[in-house]
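A.B. asks: The whole structure should be built from the sequences, with the hints applied where relevant.
Those protein sequence lines, which keep their order, are chains A and B. Oh and the first sequence: position 210 is 210 in our numbering, straight run, nothing missing. If you want our numbering, it's the position in the second sequence, counting the first as 1, plus 1000.
Since the hints were made in silico from the structure, they are not lab data. The beta-carbon is built from N, C-alpha and C at its ideal position, and this holds for glycine as well. Be aware that one or more of the hints could be misleading.
Listing some non-contacts, in silico: residues in chain A with all C-beta distances to chain B over 10 Å [as the list claims (entries may be wrong)]: (1) F3; (2) Q78; (3) F90; (4) K92.
Derived SDA-like pairs (lysine to any residue); straight-line CA-CA distance at most 25 Å [stated by the list, open to error]: (5) A:K138 / A:T174; (6) A:K188 / B:R1142; (7) A:K83 / B:G1175; (8) A:K136 / A:V217; (9) A:K92 / B:S1184; (10) A:K92 / B:E1092; (11) A:K219 / A:L29; (12) A:K188 / B:K1043; (13) A:K83 / B:L1077; (14) A:K92 / B:Q1075; (15) A:K130 / A:A119; (16) A:K188 / B:E1092; (17) A:K92 / B:T1190; (18) A:K130 / A:K219; (19) A:K130 / A:V217; (20) A:K188 / B:G1074; (21) A:K92 / B:L1185; (22) A:K136 / A:L48; (23) B:K1043 / B:V1140; (24) A:K22 / A:S45; (25) A:K83 / B:T1190; (26) A:K22 / A:F86; (27) A:K83 / B:A1189; (28) A:K188 / B:V1140; (29) A:K188 / B:S1094; (30) A:K83 / B:F1004; (31) A:K22 / A:V217; (32) A:K136 / A:I52.
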Amino acid sequence: MDFSFIIDNIDLYLQGLLTTSKLVLSALLLGFILAVPLALMRLSSNFLLRSIARSYIYFLRGTPLLIQLFLIYYGAGQLESIKESFLWMFFKEAYWCALLAFTLNTSAYTAEILRGAIATTPEGEIEAAKSFGMSKWKILRRILLPSAFRRALPAYSNEVIFLLHGSAVSGIITLVDITGAARIINSKYYSPFEAFLTAAAFYMLLSFLIIGLFRYVEKKWQRSESH
Amino acid sequence: MFDFDGYLHTVLGGALITIEVALLSLVLAVFFGILGALAKLSKNPVARGVAVSYTTIIRSVPDLVLMLLIYFGGQVLINNIALAIGYQDYIEISPFAAGVSTIGFIFGAYLTETFRGAIIAVPKGQIEAGESIGMSRSQVLRRILFPQMMRYALPGFGNNWLVLLKTTALVSVIGLDDMVRKASLAAGATQKPFSFYLLVAVVFLAFTTISTLLLQWAEHRYSIDNKGEK
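C.D. replies: Put into structure tokens, the structure is as follows:
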């Protein structure tokens, strides 16, 4: 194996690393913002809200991310209402389509994780807050959500890794993410081992970084809980 | 919009290939998973080391990258070996074989963890009891460990199956004529990508729904609480 041309083309991989990181981080942030209301809707006593959230989560968790991406990137062009509106500015760009697909996808998984964490809040915590005279909104902000986030952390770290790995499909719709860079190098030099092993190394590094980060945060949160 | 211009049959035919890929990969994954779990729990440090590297590496790299690596890399490797032993013709790996072996290999790593946890969950006393009445190693494995660990493994196994099912969509990228690729071809011919990808999404949704129901039934059927009552 000869990795010299990988070193010559390391810029392309670094560009890919940047694209992957940007896509994944933005999707995680936006997905999380969507996931909180979704989880609350899912637990709501209102039938309509509950059903909307449930169908949304059911569809996005039950279908492959690749299909969701194709549906948005290739599918949008078929819909006249999108093609003729200002939205087309976004839907014609692979980057925004990937960001939208990843955001929707991770929001559904995250909502389900949060739903589980919120549902397992110890009854006593809520009763204590109520007896303090906290409003519903205040209980949510100060008691329910912080306590749920802490319990959701281990499952959420899996979701982050899952999205990082899932983001490799953006290399299929012409984006130069890490996988996209590897595909370009492979077709240019016809050396699949070097090209894809390098991509694998980048993903592995990112995965370990994420796992380490979550371990650190978990430890820190546990410490603050015991005090 | 929901007129498929005669391509409905083609795409649904591809659904059969998707199921075939998924089921064959699952068989392979169970094989690798059991092997991996036994290796991880063995006293042999080499076996343990191999199993730990296997699960760590596979679980930290995206499925798609592994698939491209095994498909394109495997092609080069096999041809180089063939050339070295004096075989001149170009050998082509079928995307089907590459897809099934990659997915099986990947999910074997995930199932290794599931099976390992399930084996540990079986109380040691059960195995000791089996040994004390003179059962052989394979008898203990077959009659005591295996039936009991399956119960613990079922939830993790079910989750992995659902993820595996969705991962099969990726084999279209290496050129296998599965449902996704057939839909892409039909979308190109009819200029109706939204309709065809939505159709594929609905079929996947049906697969995952049926799987979830079956798994729920199996978990209920094999749960310990349920057995105790009746």
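A.B. asks: If a hint holds in the structure, say so; if it does not, say that too.
C.D. replies: We went through each hint and held it up to the structure:
1. F3: holds, 14 Å
2. Q78: violated, 4 Å
3. F90: holds, 16 Å
4. K92: holds, 13 Å
5. A:K138 / A:T174: violated, 46 Å
6. A:K188 / B:R1142: violated, 52 Å
7. A:K83 / B:G1175: Since the Cα atoms of A:K83 and B:G1175 sit roughly 30 Å apart, the hinted pair is violated (cutoff 25 Å).
8. A:K136 / A:V217: violated, 28 Å
9. A:K92 / B:S1184: Holds. A:K92 to B:S1184 sits at ~18 Å (cutoff 25 Å).
10. A:K92 / B:E1092: violated, 36 Å
11. A:K219 / A:L29: Status holds; Cα separation ~22 Å.
12. A:K188 / B:K1043: violated, 46 Å
13. A:K83 / B:L1077: Status violated; Cα separation ~46 Å.
14. A:K92 / B:Q1075: violated, 35 Å
15. A:K130 / A:A119: Measuring from Cα to Cα gives roughly 17 Å; hence the hint holds.
16. A:K188 / B:E1092: With a Cα-Cα distance of about 20 Å, the restraint between A:K188 and B:E1092 holds, given a limit of 25 Å.
17. A:K92 / B:T1190: holds, 19 Å
18. A:K130 / A:K219: violated, 29 Å
19. A:K130 / A:V217: violated, 29 Å
20. A:K188 / B:G1074: Holds - the C-alpha atoms of B:G1074 and A:K188 are around 18 Å apart, at most 25 Å.
21. A:K92 / B:L1185: Roughly 20 Å between the alpha carbons, so the hint for A:K92 and B:L1185 holds.
22. A:K136 / A:L48: holds, 21 Å
23. B:K1043 / B:V1140: Roughly 18 Å between the alpha carbons, so the hint for B:K1043 and B:V1140 holds.
24. A:K22 / A:S45: Distance ~37 Å between A:K22 and A:S45 Cα, so the pair is violated.
25. A:K83 / B:T1190: holds, 17 Å
26. A:K22 / A:F86: Holds, at roughly 24 Å.
27. A:K83 / B:A1189: This hinted pair holds, its Cα atoms lying about 20 Å apart.
28. A:K188 / B:V1140: violated, 55 Å
29. A:K188 / B:S1094: Holds, at roughly 22 Å.
30. A:K83 / B:F1004: Given that 25 Å is the threshold and the Cα spacing comes to 21 Å, the pair holds.
31. A:K22 / A:V217: holds, 21 Å
32. A:K136 / A:I52: With a Cα-Cα distance of about 23 Å, the restraint between A:K136 and A:I52 holds, given a limit of 25 Å.
Against the hints set out earlier in the document, violations occur for numbers 2, 5, 6, 7, 8, 10, 12, 13, 14, 18, 19, 24 and 28.
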